[in-house]
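If you read the sequences in order, they're chains A, B, C and D.
In terms of our numbering, the first sequence is residues 363 to 633.
In terms of our numbering, the second sequence is residues 363 to 633.
In terms of our numbering, the third sequence is residues 363 to 633.
In terms of our numbering, the fourth sequence is residues 363 to 633.
Honestly, the hints are just simulated from the structure, not real lab data.
Just to be clear, a hint being listed does not mean it is correct.
Unchecked claim - A short, non-exhaustive set of chain A residues, derived as facing chain B with CB atoms under 8 angstroms:
no.: 1; residue: 373
no.: 2; residue: 377
no.: 3; residue: 462
no.: 4; residue: 467
no.: 5; residue: 505
no.: 6; residue: 521
All values reported here derive from a predicted model rather than from experimental measurement.
C-beta: ideal position from N, C-alpha, C; glycine also.
Number of protein chains: 4
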Amino acid sequence: MEHKLAALGRKPEGTCIQVGDVNIGKDFCIIAGPCSVESEEQIVEIAIEVKRAGAAVLRGGAYKPRTSPYSFRGLGRAGLEYLRKAGDITGLPIITEVIDTRDVYLISEYADILQVGARNMQNFSLLVEIGKIRKPVLLKRGMNATIEEWLNCAEYILNEGNPNVILCERGVRTFETYMRNTLDLSAVAVAKRLTHLPVFVDPSHATGKRELVETMSLSAVMAGCDGLEIEVHSNPQNALSDKEQQLLPKDFEMLLKKTGKLVEFRKQLEV
Amino acid sequence: MEHKLAALGRKPEGTCIQVGDVNIGKDFCIIAGPCSVESEEQIVEIAIEVKRAGAAVLRGGAYKPRTSPYSFRGLGRAGLEYLRKAGDITGLPIITEVIDTRDVYLISEYADILQVGARNMQNFSLLVEIGKIRKPVLLKRGMNATIEEWLNCAEYILNEGNPNVILCERGVRTFETYMRNTLDLSAVAVAKRLTHLPVFVDPSHATGKRELVETMSLSAVMAGCDGLEIEVHSNPQNALSDKEQQLLPKDFEMLLKKTGKLVEFRKQLEV
Amino acid sequence: MEHKLAALGRKPEGTCIQVGDVNIGKDFCIIAGPCSVESEEQIVEIAIEVKRAGAAVLRGGAYKPRTSPYSFRGLGRAGLEYLRKAGDITGLPIITEVIDTRDVYLISEYADILQVGARNMQNFSLLVEIGKIRKPVLLKRGMNATIEEWLNCAEYILNEGNPNVILCERGVRTFETYMRNTLDLSAVAVAKRLTHLPVFVDPSHATGKRELVETMSLSAVMAGCDGLEIEVHSNPQNALSDKEQQLLPKDFEMLLKKTGKLVEFRKQLEV
Amino acid sequence: MEHKLAALGRKPEGTCIQVGDVNIGKDFCIIAGPCSVESEEQIVEIAIEVKRAGAAVLRGGAYKPRTSPYSFRGLGRAGLEYLRKAGDITGLPIITEVIDTRDVYLISEYADILQVGARNMQNFSLLVEIGKIRKPVLLKRGMNATIEEWLNCAEYILNEGNPNVILCERGVRTFETYMRNTLDLSAVAVAKRLTHLPVFVDPSHATGKRELVETMSLSAVMAGCDGLEIEVHSNPQNALSDKEQQLLPKDFEMLLKKTGKLVEFRKQLEV
Numbered sequence: 363m364e365h366k367l368a369a370l371g372r373k374p375e376g377t378c379i380q381v382g383d384v385n386i387g388k389d390f391c392i393i394a395g396p397c398s399v400e401s402e403e404q405i406v407e408i409a410i411e412v413k414r415a416g417a418a419v420l421r422g423g424a425y426k427p428r429t430s431p432y433s434f435r436g437l438g439r440a441g442l443e444y445l446r447k448a449g450d451i452t453g454l455p456i457i458t459e460v461i462d463t464r465d466v467y468l469i470s471e472y473a474d475i476l477q478v479g480a481r482n483m484q485n486f487s488l489l490v491e492i493g494k495i496r497k498p499v500l501l502k503r504g505m506n507a508t509i510e511e512w513l514n515c516a517e518y519i520l521n522e523g524n525p526n527v528i529l530c531e532r533g534v535r536t537f538e539t540y541m542r543n544t545l546d547l548s549a550v551a552v553a554k555r556l557t558h559l560p561v562f563v564d565p566s567h568a569t570g571k572r573e574l575v576e577t578m579s580l581s582a583v584m585a586g587c588d589g590l591e592i593e594v595h596s597n598p599q600n601a602l603s604d605k606e607q608q609l610l611p612k613d614f615e616m617l618l619k620k621t622g623k624l625v626e627f628r629k630q631l632e633v
Numbered sequence: 363m364e365h366k367l368a369a370l371g372r373k374p375e376g377t378c379i380q381v382g383d384v385n386i387g388k389d390f391c392i393i394a395g396p397c398s399v400e401s402e403e404q405i406v407e408i409a410i411e412v413k414r415a416g417a418a419v420l421r422g423g424a425y426k427p428r429t430s431p432y433s434f435r436g437l438g439r440a441g442l443e444y445l446r447k448a449g450d451i452t453g454l455p456i457i458t459e460v461i462d463t464r465d466v467y468l469i470s471e472y473a474d475i476l477q478v479g480a481r482n483m484q485n486f487s488l489l490v491e492i493g494k495i496r497k498p499v500l501l502k503r504g505m506n507a508t509i510e511e512w513l514n515c516a517e518y519i520l521n522e523g524n525p526n527v528i529l530c531e532r533g534v535r536t537f538e539t540y541m542r543n544t545l546d547l548s549a550v551a552v553a554k555r556l557t558h559l560p561v562f563v564d565p566s567h568a569t570g571k572r573e574l575v576e577t578m579s580l581s582a583v584m585a586g587c588d589g590l591e592i593e594v595h596s597n598p599q600n601a602l603s604d605k606e607q608q609l610l611p612k613d614f615e616m617l618l619k620k621t622g623k624l625v626e627f628r629k630q631l632e633v
Numbered sequence: 363m364e365h366k367l368a369a370l371g372r373k374p375e376g377t378c379i380q381v382g383d384v385n386i387g388k389d390f391c392i393i394a395g396p397c398s399v400e401s402e403e404q405i406v407e408i409a410i411e412v413k414r415a416g417a418a419v420l421r422g423g424a425y426k427p428r429t430s431p432y433s434f435r436g437l438g439r440a441g442l443e444y445l446r447k448a449g450d451i452t453g454l455p456i457i458t459e460v461i462d463t464r465d466v467y468l469i470s471e472y473a474d475i476l477q478v479g480a481r482n483m484q485n486f487s488l489l490v491e492i493g494k495i496r497k498p499v500l501l502k503r504g505m506n507a508t509i510e511e512w513l514n515c516a517e518y519i520l521n522e523g524n525p526n527v528i529l530c531e532r533g534v535r536t537f538e539t540y541m542r543n544t545l546d547l548s549a550v551a552v553a554k555r556l557t558h559l560p561v562f563v564d565p566s567h568a569t570g571k572r573e574l575v576e577t578m579s580l581s582a583v584m585a586g587c588d589g590l591e592i593e594v595h596s597n598p599q600n601a602l603s604d605k606e607q608q609l610l611p612k613d614f615e616m617l618l619k620k621t622g623k624l625v626e627f628r629k630q631l632e633v
Numbered sequence: 363m364e365h366k367l368a369a370l371g372r373k374p375e376g377t378c379i380q381v382g383d384v385n386i387g388k389d390f391c392i393i394a395g396p397c398s399v400e401s402e403e404q405i406v407e408i409a410i411e412v413k414r415a416g417a418a419v420l421r422g423g424a425y426k427p428r429t430s431p432y433s434f435r436g437l438g439r440a441g442l443e444y445l446r447k448a449g450d451i452t453g454l455p456i457i458t459e460v461i462d463t464r465d466v467y468l469i470s471e472y473a474d475i476l477q478v479g480a481r482n483m484q485n486f487s488l489l490v491e492i493g494k495i496r497k498p499v500l501l502k503r504g505m506n507a508t509i510e511e512w513l514n515c516a517e518y519i520l521n522e523g524n525p526n527v528i529l530c531e532r533g534v535r536t537f538e539t540y541m542r543n544t545l546d547l548s549a550v551a552v553a554k555r556l557t558h559l560p561v562f563v564d565p566s567h568a569t570g571k572r573e574l575v576e577t578m579s580l581s582a583v584m585a586g587c588d589g590l591e592i593e594v595h596s597n598p599q600n601a602l603s604d605k606e607q608q609l610l611p612k613d614f615e616m617l618l619k620k621t622g623k624l625v626e627f628r629k630q631l632e633v
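Chain A on its own, in the form it takes in the complex (with noise of 0.2 angstroms):
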């Protein structure tokens, strides 16, 4: 594999980005959330319960890439307004999902880190967009994109100029149907050797199930995860979208206690 800006023997001590209080990369960075911006009121409540509970990023949904075009697509400018307002109010940046060129300088006034889902993975004009500016930008993996193919879609990102790509593994599809994908661990363990750029896991995406989350979440931590992504709702299951993965704020503050731990443990085995 050749990813000559990517590749750990770039930049060995590891990319850090500075986002708010936290340093991506260097501290492990809880990011938690809404699937879907709904309301000002909706969100500005989660954005403290998950604040409360320890995360450092708040997340949620204002453009949604939605498979049928008759689900709810999100509230746009609006779901922007709103999560920028829970940002203020609680003092946590916010990411948000791009889904089109056009609205990339748009978004960035707006989010702190910017979001490229699974499905736009290799939508390589919005990439090259990205990296004409500087700001943050959590690339997930495509649900069939292999590792090799993950890593020269940062390559895009990282060729433009912009050196602040964080990867998230999100689950691959696979026969199983059980879960909603299949999460691979081993592609964060493989990553991790591989480039010098951050890697989150998704553990809500990946599993479609939130008995799973917590479980997986603390797998991920092991496989050396720099960083969760992780769906939180008041809720759940009244939500817009999907209602069988997000965690209530109780249990979110309980995986935040777990995995807190975890890393601490983490970080004296590798001494």
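With chain A held as given, fit chains B, C and D onto it using these hints.
This is chains B, C and D only, laid out in the frame that chain A set:
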């Protein structure tokens, strides 16, 4: 599966899309040309060859989605102009890929059919933008897209008001590494039963090996496809992309003869 | 790939296996019958039907590999006897599956062709045992077997001294859930280029849906297969296994007419 | 899913299987040893090494399922004898693979635990035969088996009267080619929620790369597994099989130290 607009029941006689002299969906149609437009001379030469052999539409990539940022990414606007010129000289309608929402109008001025590639199948912003114009569009199935997801992407375009959607199966990604992808001809048979849209097959990308293109083209005809998209290059070993899968004009001509006879035979068999 | 004995170069004229009146590999051959032998009456009735329609070999399972231990696992030895009787009444050679090394000799006394199912493709002990006798064997491709692994399994049998191996593609397992499996017809085209062994296709298990069997049979013919194995049942909705995919005799008859014409056409095309 | 005997509800306290001094399912357990028994010296030397490092069970293949008939297929009965001797010298219980129904009784006389490999997971005759004895059995998940199919195979064994079944995840086959297989740790988390049987992980076959074995072992612990099966060889580069994935004894020792600490930590975390 619920596809209000794409469902066969909506239009049992099938969608027919007129492009130049060819009625796609009614007449069997061959789209052919090089992977990439490489120069004016190259595309004009190949256009003349594929026209002579019997192709109905000329293909050529000007904006290329490439796995690595360091690969040839196409000639861009110059490529469009050369392709248009080759189309005008031969009288062949032209098809070319769109990979950015911002290019939809520009490319529509040059091309007779737009193409959405496998990697952009779920670039929903692009689908919506293409849905707002009336230009015919060939929508490739994603490498790991279910048939349902593929039809949902067609639905996105139809839902915006553009009825001129052609589906194209081009192989899915499996564990098998001998071929570039695994051509899923049963998806063609299924799509023909579920939707009124024309269904094409691209055996070049599906197999990635020129020695398999003819056989899989004939097999695709019997699976019920309405046309084929085939890569042809006068000098494949020096092509800037897809060296292994582009046919020589003389082999393409042979393929067209056999395909033509088989399409006639298929009509008799169905009586 | 290295397959000393299976390689096409070893026997460029192709392997021809005589079973009853049919020369498999030379004459196009249809194997048909129910998934399972359910009773003497059932198998005799179906044997007469498929014989009348033009099948050359009768199939029927006596020892059934079933996903759950609580499903019908076949009639065992009684099933063999009923199948043999149905073969004798109609004059059709019979094929049935072997799932245990200890049964190879017993089943060889009843059957004209042994079948190794997809789940046992890499049951190497079974392959070796079958290799020690000279009985023809139809070797199904595993659901996730590469073409190379499949040919290696044939090589196991050839290496023990049994040259009478027939390959059979029956669909691979992918992310697609609409069909039971994904029929890989390019594997047929590839196998015909790599080996001298006859290559069959089983569209019944590949699709799992009877409405797709005819189309995929015709498509398989053009992919170059030497024969088809098709499930037929006089009363599919009451079958003890594979209810959804078994054809009615009248539909099977129609399929055979079309297939026969297409095989003739294929011969002309190749001239 | 319906698994009468394997279902967690049937035995919520979990199955505990005593082998030698270890209570599998209750005590965390490491199975280690070479891929193949190559000679008496080799297996005795490795047995001593893995015993010293802390392994509880010794593995070694005598009957090897190999993709090609021309690969080393194991020493057979001599291999069994050497393995037994190595077990006796070190006091370690031994596990070895069974690939033929006819060998079940013979191998049971030598081995303390039988192993059913991934390629034989759905060799139902073998499962039935093993079910008839009471010998503990480690059942590997097939490379493309769903969790449901895997549990159904355990059910086959339980249904014949053998309650001593250990499940083992060893990676599934996907499009990713960087690793030998894709380790599915979410399947471990799921299996622990669905069944009372102990669940192991084999990170050696799952990754096929020794540099990933430690990381994936630690990750597997947090996914909830009850033990690990790890390939260890004193001289991997000269091994007769699986050269790339066998650990050196010193690396295995380090892995065991870390794993041991992590298992202790896991207990505290669950309180």
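Structure-based check of each hint:
Annotation: residue 373/A was flagged as interfacial toward chain B, and the flag is violated, the nearest CB pair being 18 angstroms apart, outside 8 angstroms. Interface restraint check: residue 377/A against chain B, minimum CB-CB distance 18 angstroms, threshold 8 angstroms, status violated. With 8 angstroms as the threshold, the beta carbon of residue 462/A comes within range of chain B, its nearest partner Cβ sitting at about 4 angstroms, so the hint holds. Against a cut-off of 8 angstroms between C-beta atoms, the interface hint on residue 467/A is violated, since the closest Cβ of chain B lies about 12 angstroms away.
Given the 8 angstroms rule on beta carbons, the hint for residue 505/A holds: about 6 angstroms separates it from the nearest Cβ of chain B. The restraint placing residue 521/A at the interface with chain B holds, with a minimum CB-CB distance near 5 angstroms, inside the 8 angstroms limit.
Against the hints set out earlier in the document, violations occur for numbers 1, 2, 4.
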